[in-house]
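Asks: Dock chain B against the given chain A, drawing on the hints supplied.
2 protein chains.
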Amino acid sequence: MAKLALVGATGAVGQEMLKIMEERQFPVDELICLADPKEAGTRVKFRGEDLVVQAADEAVFKKADIAMFAAGTEVSKMLAPLARQHDCVVIDNSYAFRLQDDVPLVVPEVNADDIAQHKGIIANPNCSTILLVVAINPIHQAAGLKRVIVSTYQAVSGAGKAGIYELEAHSQAALDGKEVQPEVFDYPIAFNLIPHIDVFVEEDYTREEMKMVWETRKIMHLPELKVAPTAVRVPVFRSHSESINLETQRPISVEEARQVFSQAPGIIVQDDPANKKYPMPLYSSNRDEVYVGRIRKDISTEQGLAFWISADQIRKGAATNSLQIAEVVIEKNLY
Amino acid sequence: MAKLALVGATGAVGQEMLKIMEERQFPVDELICLADPKEAGTRVKFRGEDLVVQAADEAVFKKADIAMFAAGTEVSKMLAPLARQHDCVVIDNSYAFRLQDDVPLVVPEVNADDIAQHKGIIANPNCSTILLVVAINPIHQAAGLKRVIVSTYQAVSGAGKAGIYELEAHSQAALDGKEVQPEVFDYPIAFNLIPHIDVFVEEDYTREEMKMVWETRKIMHLPELKVAPTAVRVPVFRSHSESINLETQRPISVEEARQVFSQAPGIIVQDDPANKKYPMPLYSSNRDEVYVGRIRKDISTEQGLAFWISADQIRKGAATNSLQIAEVVIEKNLY
Chain A
1 MAKLALVGAT
11 GAVGQEMLKI
21 MEERQFPVDE
31 LICLADPKEA
41 GTRVKFRGED
51 LVVQAADEAV
61 FKKADIAMFA
71 AGTEVSKMLA
81 PLARQHDCVV
91 IDNSYAFRLQ
101 DDVPLVVPEV
111 NADDIAQHKG
121 IIANPNCSTI
131 LLVVAINPIH
141 QAAGLKRVIV
151 STYQAVSGAG
161 KAGIYELEAH
171 SQAALDGKEV
181 QPEVFDYPIA
191 FNLIPHIDVF
201 VEEDYTREEM
211 KMVWETRKIM
221 HLPELKVAPT
231 AVRVPVFRSH
241 SESINLETQR
251 PISVEEARQV
261 FSQAPGIIVQ
271 DDPANKKYPM
281 PLYSSNRDEV
291 YVGRIRKDIS
301 TEQGLAFWIS
311 ADQIRKGAAT
321 NSLQIAEVVI
331 EKNLY
Chain B
1001 MAKLALVGAT
1011 GAVGQEMLKI
1021 MEERQFPVDE
1031 LICLADPKEA
1041 GTRVKFRGED
1051 LVVQAADEAV
1061 FKKADIAMFA
1071 AGTEVSKMLA
1081 PLARQHDCVV
1091 IDNSYAFRLQ
1101 DDVPLVVPEV
1111 NADDIAQHKG
1121 IIANPNCSTI
1131 LLVVAINPIH
1141 QAAGLKRVIV
1151 STYQAVSGAG
1161 KAGIYELEAH
1171 SQAALDGKEV
1181 QPEVFDYPIA
1191 FNLIPHIDVF
1201 VEEDYTREEM
1211 KMVWETRKIM
1221 HLPELKVAPT
1231 AVRVPVFRSH
1241 SESINLETQR
1251 PISVEEARQV
1261 FSQAPGIIVQ
1271 DDPANKKYPM
1281 PLYSSNRDEV
1291 YVGRIRKDIS
1301 TEQGLAFWIS
1311 ADQIRKGAAT
1321 NSLQIAEVVI
1331 EKNLY
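Line by line, the protein sequences give chains A and B. Residue 1 is where the first sequence starts when you use the numbering used here, and the numbers rise one by one after that. Residue 1001 is where the second sequence starts when you use the numbering used here, and the numbers rise one by one after that.
The hints are simulated quantities; they were obtained by calculation from the structure and are not laboratory data. Be a bit skeptical, because a hint or two may be false.
[To be verified] With a cut-off of at most 20 Å between alpha-carbon atoms, the simulated DMTMM-like pairs for lysine to aspartate or glutamate come out as follows:
#1 A:K277 - B:D1204
#2 B:K1277 - A:E183
#3 B:K1277 - A:E202
#4 A:K226 - A:E203
#5 A:K178 - B:E1168
#6 A:K226 - A:D204
#7 A:K297 - B:D1204
#8 B:K1297 - A:D204
#9 A:K277 - B:D1186
These figures come from a predicted structure and were not determined experimentally.
Isolated chain A, as found in the complex (with noise of 0.2 Å):
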């Protein structure tokens, strides 16, 4: 048992840690929300009780053992620091430590001994690569990565609430034959598709896609590994969904690889095409796991394999992933 800190309790991420950490009887005795001090006084529910939100500050981080980030990484570059000086782990789900050397960046499915080295901050990875990591991993162990290419269909929570709202009313509006200026995205979003999320940063990629070549290459612990990331926004309210192709240093078999995969931690298998099925965001919202189909030889290589893969990302992608790394914190006593 650990007495934990929510920073971001009334955002996306944090109000479903609240809710998988009631689904999970997750370990802890006393939970701190906190939130903006614009938002101090509202009161969010938790196993049966009102807790009252608290505005951050570094006060309340003396009174935590473990304190969960979810509120963006200008909140966790600036609060993370003092969470630290009060011994508080800080669990983040930002951008903000990830590449730090000094920071494991944590699956637990892929790489969950790392946490022990951790020097008081762990960080959570990235939404598409946490997905990506959990499906290619297992392939990893049984054949050898070579080359992973990947395109992303990415829903709007990964852009939280606002997203969620702004598909919701645009997608009325557009019904309705109304003009609308998009606010969240850059154009609009419904029945639309947009190939840029997060910032331009190096030879015209994004920063979402480069993270899934930087975080898969620390995660897997293979600094060489070779990625090609493509990411796209799509109007789907929740689960991102990836077009995955591998090159395999080893040959593996569409049978071994549908094998490999329904014994993998965190991955249920679903195909079958000729019964129809295969993973879609509609049916892998609101689950821990993620779903991999369309399994089957990359017909343009030798050791090829081509498959698909839909998963909650505000679960598995963000809040499910931050409160399994802080169930092996408190389960092995490293706070």
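Replies: Only chain B this time, still in chain A's reference frame:
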């Protein structure tokens, strides 16, 4: 000038053909509009006149030099042989004859010369394939193609008027919290993705995917070209998009590729990340060109290029391409 029969004049592609013939001042001096007997007697607009739709039967083909077929594979199989009996040149938008050796499969920007080889039937390729080859052929000319990996984001209008209606009605139902049963698609398409278009045919690839393999090879005269496709239906009304990774035989820089694309026929380069310019289906709709953007190095391989395309698949993917073929047939007197 030619006498033209249009089979499927009341369908999504047929209606678009009428509109495009008006725009292009298409050289037709008599137009006979045909459809299912159930629709005989209805009227369609063409160049300010109301044309009465007739039942598609053998007799009408006597009066036509060229018959455009836009009514599905079964209709083409049944009526194209009758049209041929009257020496009517068939330009067929269906899958019926595309892979027959004596039937040229044509995208005018790529293989217009094949039209002259026709033996009475010329086939219009699959929509996703047309967009793909318009984009990759210039790179093949410049650097030689070795391998193509493509993931599609296909609009519902690929399933005709009924697909458009279903997305519209079911999006409204979803926003209203109402349950509705999908009819056109196997699963709800509103706010969802379906990684399955057409039937599964071989090695767990769909026919929509294998069309991108078989037809690309035939159009480009590259029977050994390696193509790995993934076809996904997305909740977009109009315009297909594709995420493409190419491997080339000779190196080609991003600058050179951008130059090659910008000089290629049928392409508009829309590629300015700093100013958030890239192709999107909302803006490529109702245009005849293939929009190409997000042009960058494939950072997972030595000689690779990654880019993103979007184009109106009812126009360039079907109606416009068929009419471009017909224009060559008329201009070169190949009927």
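Asks: Decide, hint by hint, whether the structure agrees.
Replies: Going through the hints against the structure:
no. : hint             : verdict
1   : A:K277 - B:D1204 : 12 Å, holds
2   : B:K1277 - A:E183 : 17 Å, holds
3   : B:K1277 - A:E202 : 16 Å, holds
4   : A:K226 - A:E203  : 15 Å, holds
5   : A:K178 - B:E1168 : 14 Å, holds
6   : A:K226 - A:D204  : 17 Å, holds
7   : A:K297 - B:D1204 : 9 Å, holds
8   : B:K1297 - A:D204 : 9 Å, holds
9   : A:K277 - B:D1186 : 10 Å, holds
Hint violations for this structure: none, all hints satisfied.
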